[in-house]
Amino acid sequence: MDDLTLRTLEAHLDGALDGADDAALLDRLRIEPELADAVGRLRAERALRGALWAANEPTPVAVMRLTSHLDEAIHHARRGAFWGAVSRWGTTVAACILMGIWIGNSVMRDGTPIAGPSVAGIAGAGGSVVAGGGGDGVPSGYHVTLVDDRGQVEAVQRFPTLEQAREFANDFGQWQDRRQQVRQGRIQRVGDPY
Amino acid sequence: MGERVDKVDPTVALFEQAVDIHSRRLIAVARGILGSMASAEDVVQQALLNLYTHRHRYDWRDPGGLMRRTVVNEALRLLRRPRMSLVADEHPGSAATPDSEMETGETIDQVRRAIAKLPEHFRAALVLCEYENLSYVEIAQALDASVPQVKTWLHRARRKLAEMLTPYMESRDIAAHRGEPKQGDENENAR
Numbered sequence: 001m002d003d004l005t006l007r008t009l010e011a012h013l014d015g016a017l018d019g020a021d022d023a024a025l026l027d028r029l030r031i032e033p034e035l036a037d038a039v040g041r042l043r044a045e046r047a048l049r050g051a052l053w054a055a056n057e058p059t060p061v062a063v064m065r066l067t068s069h070l071d072e073a074i075h076h077a078r079r080g081a082f083w084g085a086v087s088r089w090g091t092t093v094a095a096c097i098l099m100g101i102w103i104g105n106s107v108m109r110d111g112t113p114i115a116g117p118s119v120a121g122i123a124g125a126g127g128s129v130v131a132g133g134g135g136d137g138v139p140s141g142y143h144v145t146l147v148d149d150r151g152q153v154e155a156v157q158r159f160p161t162l163e164q165a166r167e168f169a170n171d172f173g174q175w176q177d178r179r180q181q182v183r184q185g186r187i188q189r190v191g192d193p194y
Numbered sequence: 001m002g003e004r005v006d007k008v009d010p011t012v013a014l015f016e017q018a019v020d021i022h023s024r025r026l027i028a029v030a031r032g033i034l035g036s037m038a039s040a041e042d043v044v045q046q047a048l049l050n051l052y053t054h055r056h057r058y059d060w061r062d063p064g065g066l067m068r069r070t071v072v073n074e075a076l077r078l079l080r081r082p083r084m085s086l087v088a089d090e091h092p093g094s095a096a097t098p099d100s101e102m103e104t105g106e107t108i109d110q111v112r113r114a115i116a117k118l119p120e121h122f123r124a125a126l127v128l129c130e131y132e133n134l135s136y137v138e139i140a141q142a143l144d145a146s147v148p149q150v151k152t153w154l155h156r157a158r159r160k161l162a163e164m165l166t167p168y169m170e171s172r173d174i175a176a177h178r179g180e181p182k183q184g185d186e187n188e189n190a191r
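Top line first, the protein sequences correspond to chains A and B.
In terms of the working numbering, the first sequence opens at residue 1 and continues consecutively.
In terms of the working numbering, the second sequence opens at residue 1 and continues consecutively.
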């Protein structure tokens with residue numbers, strides 16, 4: 001029996017031949033006993049394998065065992081996914097808190113708001129410094145230097161007389177004190193005298 | 001307002017229903033491919049768990065086909081691992097049986113041993129064709145192969161099995177025809 005004929009017979013038993021080919025094969029089987037014997041052998045071989053396929057079918061107990069183990073495995077996987085999500089959320093919240101603390105620290109220093117500018121002193125036009133607005137006058141004019149909390153000069157205000165310079169320095173100092181008190185919550189501002 | 005609406009994942013319901021319907025056949029398919037090389041139940045369980053975990057990625061219009069493909073792939077993946085060891089799985093056909101069924105049990109063992117010697121894709125094609133009654137096209141899809149390849153695998157698998165089993169079948173037929181005891185029984189009588 002040649003290979004092509006065997007393949008055709010196998011396709012016939014598999015139900016893979018189309019109508020015309022199958023009909024032609026059936027005609028040949030009626031008149032060719034050798035071909036009919038070959039089909040009989042193939043059927044017998046197939047029946048042997050069929051016995052194995054049937055024997056491979058599991059018992060109801062085995063099926064129940066599978067579904068029970070599968071349920072457990074799915075439950076375990078769900079629990080793992082839940083705690084994974086909780087862990088991810090926890091990490092996100094912790095990162096936000098840390099970020100908040102870092103931003104807060106960069107804005108605040110030692111828990112105190114960064115101070116605004118303050119009066120460093122009043123200087124005469126020749127360069128002599130009259131600390132805190134005190135000292136003798138220098139006739140050619142005066143300037144008040146405003147510095148930040150790191151000592152950097154923020155502004156310089158010029159005045160023709162020492163009296164005016166002192167008055168500005170005093171007013172500025174009072175304004176700063178009042179602002180600091182409001183920030184710290186020690187007093188409540190109800191009006192602005194300036 | 002205020003009415004509680006349960007949001008049930010439809011794929012979970014489909015999955016559970018499909019497991020109930022197909023698990024028996026899936027174990028049988030896995031056993032046909034794996035033989036005694038791994039636990040068929042473990043393979044089916046792993047395949048179905050993978051399917052459940054990634055259930056939203058799949059098309060559930062044909063859950064039976066989807067599950068079968070997943071189990072076949074999992075079984076073949078396992079068989080292609082470099083190290084495999086024999087496991088004791090429950091094979092009803094090889095269990096101790098009454099005398100009237102001993103011959104059937106022996107035949108099944110012979111066929112099982114012969115099929116175990118085939119390459120894994122030959123076994124898979126044979127199981128899908130003869131047990132699952134799939135068409136060549138469906139087998140090709142399940143095994144990620146072409147239809148001519150599938151035809152060749154099936155033909156070669158059958159010819160190899162015939163070569164391996166012909167001596168056993170002939171001895172069995174002759175013994176049955178003459179009413180003689182089989183080879184094993186002869187040895188028993190000689191003692």
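Please note that the accuracy of each hint is not assured.
Said to hold, decoys possible - Here chain B is said to cover these stretches of chain A; the calculated rule only asks that three of the stretch's residues, wherever they fall, bring their Cβ under 8 Å from a Cβ of chain B: (1) 29-37; (2) 49-55; (3) 58-66; (4) 169-182.
Rather than coming from a laboratory, the hints here were simulated on the basis of the structure.
We treat Cβ as the ideally placed atom computed from N, Cα and C, and that holds for glycine.
Against the structure, the hints:
With a cut-off of 8 Å between beta carbons, the stretch 29-37 of chain A has 0 residues touching chain B; three or more are needed, and the interface restraint is violated. Here's how the stretch 49-55 of chain A fares: 7 of its residues keep a CB closer than 8 Å to some CB of chain B, so the rule of at least three is met and the hint holds. Under the rule that three or more residues need a Cβ within less than 8 Å of chain B, the assignment of the stretch 58-66 of chain A holds, with 6 such residues. For the stretch 169-182 of chain A, the stated coverage by chain B is not satisfied: 0 residues place a CB nearer than 8 Å to a CB of that chain, which falls below the threshold of 3.
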